[in-house]
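Novice: Protein sequences, first through last, are from chains A and B. According to my numbering, the stretch in the first sequence is residues 1 to 247, in order. According to my numbering, the stretch in the second sequence is residues 1001 to 1402, in order.
Calculated from the structure, these hints are not laboratory results. Treat the hints loosely; a few may be bogus.
Stated by the list, open to error - Heads up, incomplete: computed chain A residues facing chain B, CB under 8 Å, no partners named:
| hint | residue |
| --- | --- |
| 1 | Leu69 |
| 2 | Leu94 |
| 3 | Asp188 |
Stated by the list, open to error - From chain A, some residues computed to sit far from chain B (all C-beta separations above 12 Å):
| hint | residue |
| --- | --- |
| 4 | Arg18 |
| 5 | Gln34 |
| 6 | Asp70 |
| 7 | Gly85 |
| 8 | Glu128 |
| 9 | Glu148 |
| 10 | Asp151 |
| 11 | Leu179 |
| 12 | Glu194 |
| 13 | Ser200 |
| 14 | Val243 |
| 15 | Glu245 |
Heads up, the beta-carbon is just placed ideally off N, CA and C, and yes, glycines get one too.
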Amino acid sequence: MAARVAGAASVADDPIIRLRGVTKTYGEGATAFQALKGVDLDIAEGDFVAVMGPSGSGKSTTMNMLGCLDVPTGGSFLFKNVEVGHLDRDQRALLRRKYLGFVFQGFNLLSRTTALENVELPLLYRGEDKKTRHELGMAALDKVGLAEWWDHTPAELSGGQQQRVAIARAIVTSPAVLLADEPTGNLDSERSVEIMELLSGLNRDSNITVLMVTHEPDMAAFARTLVHFKDGLVERIETNQKVPEPA
Amino acid sequence: MLGTTFLLAIRSIRRHMLRSFLTILGIVIGVAAVVSMVTLGKATTQAAADQVASLGTNILQVRPGQGFGRGGGGPRPPDFEIADIDAVRQQVAGVTAVAPQAQSTATVIYNGTNWSTTINGTTNAFFEVQPWELTSGRTFTPAEEAAGRAVCIIGNTVQQNLFRGGDAVGQRIRLNDISCDVIGTLATRGQAGFGGDQDDTVIMPINTVQRRLTGNRDIRLMLVGFDSAYDPAVVQSSLTDLLRERRRIQAGAEDNFNIFDTAQITQTLTGVTTLLTSIVTAVAAISLVVGGIGIMNIMLVSVTERTREIGIRLAIGAVAREVLMQFLVEAIVLSMLGGLVGLLLAQIVIAVLTPLMQVPFIFDAQINVIAFAISAVIGVVFGFFPARRAASLNPIDALRHE
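Extracted from the complex, chain A is given alone in its bound form (with noise of 0.2 Å):
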């Protein structure tokens, strides 16, 4: 597996995510968790990551940790060759509204809020102008086949549409990484397919890096890197040879 890192990291260019050494521990003292032993893993830009493993594998640490939500107790990430951990809180904040789109299993939309007011809320923090908030938050709402229901609230959407709204809000900003934490844990299968197959066409057409977090193998079975968790470790690392490679 080191190796494998190793060579990765002679033969590519730089990843786009470096891990070394990762530990995180919550707690203090007797108490002391430790969620994280010692991960190491390279992204490369562009790839297609699916993150496995049983609950309490350290999946949902490290997801914290790359969508730099959180930063590690020990070890270096780097992300984009910057070391995260020796960033504030609001400089991770900025480096999330500059890189990094997300979508959760929850859907997590703002309620009594239309579609596009969703979709536009990430290009408001950028200080975008109106025009451009429209321009681009329809823009995003077509990619995710929304454009007609721009100004329906949640609560007027069904769970496929309300999740393909938070997609749309993700990639609004072209981020360079799209996290998302089991996006079809909430969906029958027919519409986790169809949600699936929106992001392997993103990771393909907008060269977005996409990292998810399931436990579902069917559709693991979309992402080209499966990466396996098992008690704060990377367990071992798959290739998915059917997803063709980044281009």
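Following the hints, position chain B against chain A.
Specialist: Just chain B now, with coordinates in the frame of chain A:
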């Protein structure tokens, strides 16, 4: 960025109309209470001052007696005489007119209608001392005054009750057993606040009243008008000296007469209403603070309720300051909104109450501006704590929040 924050705040307020309304209710009531109390207090003060001024400014009222009332025990001090009136008129510098007053009550009858009223015996000087217009007719002639003829000038209340507002001049009324010609009618003067209805009176020459009604030559009150160029204190002191001399009061002994300056009464009255206004305003101001605490409570609940929303915003890339600003601006916008609604409510309250309280309607720009500014400050003060709590949330925990 501020525009964006403002937009976010407005959106959030619009999406939760009921909650927003309940939030601002305290501020609305507080601002309305403060503004209406201060304004009504000022109106009352002005009304009181106006009423006293209607008695005439630059007037001293002189009555026999010691201190307020007649004091205990001693013999009743003598009333004034006509000679005192003339002496004051001629010997006190600055005095322009002196009107004696001899009072009695009588039942006046016209055409079978009875009315019980106050009879004021005086001279034409009465109309020089104070501004009191005649609506029709004339004042007394010197002959009428000297001879003590049965002529009278009636107040508006008497005119309304006896003549039903009809023409009274030239009519003859009965006054106890005197038959009396009405030669003039007076303009209305209204309630004196403390002196009852000033219009419920009949004015007659003092000689007539003394001879045919009171049966003595005593004068219980003199109204001394003086030139406004003179210092009231100086006029008052030379008047005191003259009266002490005429009434043979020993040096060191107390005056056996009282002098009231209407300006002084105004001041006292204004002082009282101003004090009352301050007290009521202080109570109202407390309600404003309570309103601010209401905003803080709702905002704190709102932060808890919207924890997930805050998590989303943080994940998307909002920095702590932006979340803080959003909630702070929301609180400020809410409280300013409450302030505005409160100002409107206050104007309605004032418009409704001023006619009932018989005080003039006034718009006090200053208190409106102050109350609005305070409502904005309350938004900042009471909005800061909830906003800081929102901004300090951990995005991971906030996103997991149910």
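Novice: Hints first: check each against the structure and report whether it holds.
Specialist: So, going through the hints one by one against the coordinates:
The restraint placing A:Leu69 at the interface with chain B holds, with a minimum CB-CB distance near 5 Å, inside the 8 Å limit. The interface hint given for A:Leu94 holds, since its Cβ lies 7 Å from the closest Cβ of chain B, which is under the 8 Å cut-off. Hint status for A:Asp188 relative to chain B: violated, with the closest Cβ pair at about 23 Å, above 8 Å. Every Cβ of chain B is farther than 12 Å from the Cβ of A:Arg18; the closest lies at roughly 22 Å, confirming the non-interface assignment.
A cut-off of 12 Å between C-beta atoms confirms that A:Gln34 is not in contact with chain B; the least separation is 17 Å. Non-interface call for A:Asp70 relative to chain B: violated, since the shortest CB-CB distance, roughly 6 Å, does not exceed 12 Å. Every Cβ of chain B is farther than 12 Å from the Cβ of A:Gly85; the closest lies at roughly 16 Å, confirming the non-interface assignment. Its beta-carbon lying about 9 Å from the closest one in chain B, A:Glu128 breaks the requirement of being farther than 12 Å from that chain.
In this structure A:Glu148 is separated from chain B by more than 12 Å, as the shortest Cβ-Cβ distance comes to about 23 Å. Separation of A:Asp151 from chain B is adequate, the least Cβ-Cβ distance of about 14 Å exceeding the 12 Å criterion. The claim that A:Leu179 lies off the interface is violated: its Cβ sits roughly 9 Å from the closest Cβ of chain B, which falls inside the 12 Å cut-off. Its beta-carbon lying about 23 Å from the closest one in chain B, A:Glu194 satisfies the requirement of being farther than 12 Å from that chain.
Residue placement check: A:Ser200 keeps its beta carbon more than 12 Å from all beta carbons of chain B (closest about 23 Å). No Cβ of chain B comes within 12 Å of the Cβ of A:Val243; the nearest lies about 27 Å off, and the non-interface call holds. Here A:Glu245 stays apart from chain B, with its beta-carbon at least about 30 Å from theirs, past the 12 Å limit.
In the structure shown, a violation is registered for the earlier hints numbered 3, 6, 8, 11, in ascending order.
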